[in-house]
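K.L.:
Take a look at the letters that make up each chain.
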Amino acid sequence: MNDIRSGDAMLTDWREAAGRFERAVRGAVVGQDRAIRLLTIALFARGHVLLEGDVGVGKTTLLRAVARALGGAYERIEGTVDMMPSDLIYHTYLADDGRPRVEPGPVLRQSEDLSIFFFNEINRARPQVHSLLLRLMAERSLTAFNREYRFPNLQVFADRNRVEREETFELPAAARDRFLMEIGLEAPRDAEARRALVFDPRFHDTDALIAGIDGGVLDHAAMAGIGAAIQHGIQASPAIEAYVVGLWEALVRPHEAGIRLPGIDMSALIQGGASPRGVAFLVRAARVRAWLEGRDWLVPEDIRAIFPEVMAHRVFLEPIYEMRRSTIVPELCRAVFDTVPAP
Amino acid sequence: MRRLAPLLFLLCSSLAAQSQVRTVEVRTPRPFGYFLGDLVRAQVDIVVEPGFALQAASLPQPGAITYWLDLRTVAVTQASVGGGSRVRLDLTYQNFYAALDARALEIPGFVVTFVSETDTGATTAKAQVPPWSFNISPLREVQPPAQEDPRNYLRPDGRVASLDTQPLVVGGAGFMAMALLAFAGLTWDRTWWPFAKREGRAFAACLRRLRVLAGRREDEAAYETALLALHRALDETDGRRVLADDLPAFLIRHPAYARERAGLAAFLDASRHSFFGPGPAATMQRLPLADIVALTRKLTAIERES
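These protein sequence lines map, in sequence, to chains B and G. With this note's numbering, letter number 277 in the first sequence gets 277, and the count goes up by one each step, no holes. With this note's numbering, letter number 183 in the second sequence gets 183, and the count goes up by one each step, no holes.
What the hints contain is simulated information worked out from the structure, not anything from laboratory work. The beta carbon of each residue, even a glycine, is placed where N, CA and C say it ideally should be. Do not take every clue at face value.
Restraint-style ranges between C-beta atoms, simulated for each label pair [to be verified]:
hint, chain 1, residue 1, chain 2, residue 2, range
1, B, Asp-265, G, Glu-305, 39 to 45 Å
2, B, Glu-192, G, Lys-197, 47 to 53 Å
3, G, Pro-255, B, Arg-34, 42 to 48 Å
4, B, His-232, G, Asp-189, 52 to 58 Å
5, G, Ala-281, B, Arg-20, 33 to 39 Å
If you want the ones that stay clear, here's a sample from chain G, every Cβ over 10 Å from chain B, calculated [claimed, not checked]:
hint, residue
6, Pro-31
7, Gly-33
8, Leu-39
9, Phe-96
10, Trp-132
11, Pro-145
12, Glu-148
13, Leu-168
14, Leu-228
15, Gly-239
16, Ala-244
17, Ala-258
18, Gly-277
19, Leu-287
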C-alpha cells in the first residue's frame, strides 16, 4: 500500500471484478438485485450472512450461486433437531472391515481452505450447535482432535424460513450479532421475472442453473486482502462519523431522539442491542458499498443502503413488542433516518 | 342659476320676417333684489331659419347705455336646434342707479340683424329684443332704527351647522383596519416579522439566515453553515432528511421545485463533497456562497407560489 496509484488501480480492478460477479449471480437468480448487491457487500466486508424468507423464494439457490461464483472450498449442512455440535466436526462410522472410523465432519473436511460454510435451515438446529457457530464465526477457528483449526477465508452463510415456528430454535442474541447482515428475501415483484421463474425451464433445474455460473470470477483466496484494502482505502470524514454516532444513539434511545411511532411507548421499546460490534460492521459494510459505487469516501447514503440489513437484527425489543418486530423495526429504522440530520 | 318665468315675445313685423326669426326669448335670473353696482345678467335666445347668420355689428356695444346703466360684456354662442339656428346672447349689465326707494327700472330693448347670403343676393332679418325691467332697492338704511355704532348694523355671522365627523372617523378607522389587515396578510405571505418562523416557509427563513451569513464573511465555516441551513430547509419542506440520492423522490413529492432540479442537484453534490469528501475549500470554488443564496431565493419564490 506504499504506492497509492497501484493500490487505487487494484481497487478499480477489483471493482470491475465485483461487477462481473454480480452479473454472474444475477444471471442465475432473477429479480433479487438488492439481495445480490448486499451479498456482494458482505463478501467484500468479510461478514457472515443470514438469509431469511418464505419457503421457495430462492434462498438456497442464491447462496449456492454466490458460493459457486466465488469459488473456493464449499461445505453445506442441513439443520435438524437432533443435530449435535460434534456432527459438524467429525463423522463416526463402521468401515467395511468392521472397525470403527472417525472422519472429519463438514467443517473440517476441507481443512483450512474452507471459504464458504453454508448452513441450511439454521433455526432447526439446537442451541448447542449455535454455540459452536459462535466461535467459528467470531474467531474463524475451532478446536478439535486436540488441535486448533484456523479458517482465514471462512464465511458462514445461513438461511432460515420464517414461516414455521414448530421444532425450531430461535438463534441466541450472541449468534445473531455475529452475522454481518440479515437479509430478508421476497419473491420478485416484477411480473417479467415472475413469469420467467415459473415458465422458463432453465430455472427449474437448480443444479444445472448453478453449474452454468462461471466459477472463476473472483479470486477467493485474495478476498481477505482486498477486503482489508477497501477498509483502509475508503475515508470517513468527521461529519460521517458524527452521523453514524447520531444514528446509533437514535436507534438505541429513540425516545430521547424525539422519534414517535404510533401506538408504541417509545421509552419502553428498546431492551438492548445495537452493539459496538454491530456499528463497526455497519461502517465496514458501508465502506464496501462506497467502493462499489466508485467513491473513496463515505456518504450517508452508503450507511442508509445497508442499515436495515446490518442493524435491524441487532436491536432487541421489549417482549411485549417482540411479536410485532417485523413491522416495528423497519419503521424505527425509517424514523431514525428521517430524524437524524445527515451533514 | 335659477331662472324665473321666461319672457316670450314673438315679433311679426312681416310674414317673411315671421318665418325667418322664429322666436326671441329673454331669461333673467330674478327681477328684484338689485342694489347699486350689482351686475344684472340676461340671456337672450334667438332662433332663426337655417342659413341666417348673426351680423356682429348689430350687437349692442359694451359701454354706457344710459347714465345709470353700463353694458359690461356680450358673449355669443351659436347652436343648431330643431331645424333652426339658435343664437344665444349672454349680456352682463351693471346698475349704477342710486335709488332712494325701491323702484322698477327698465333695460331698453335692441334690434339684432341676421343675414342670409345667397347667389342672388342677401336677405336680412331683424330680431327685436324687447325691453325688460327689474326692481332695485336703496342701500341706505330706511327701515332699521338708527344705531350709534355703525358696527351694530352688521348682523352676527350666520351659525353654520357643525358637520358630523362621526361617519368620517368610522370610515377612516374602517379603512385603516383594512389596510392593517392587508399589511398583516402581506407580512404573513412574505414571512416578515412576526411570521418569520412560519410553518411551511422553511426556505424563506433559510434565505434570511443566508443573507446574514453572506453579508458577514466568506470562509469555510460560514460556507458549511450556509449548506447546513439549506439542508435543514429542505428537510423541513419534505418532513424527512433529504440526502443527495433522494432528490428524484423529493421532486416527485414536490413537483413545484422540479424547475430548480439542476440547482438542487449542484447544491446536494457540493454539500456531499464539502462534508464527506475532499472538503469545503474545493467546493467553494465550484458553488460559491452567492450561488447558494441565489438558489435559495428561487426556492423561496417557488415556496411562496405553491
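K.L.:
Kindly indicate which numbered hints from before are broken by the structure, ordering the numbers from low to high.
P.N.:
3, 14, 15, 16, 18
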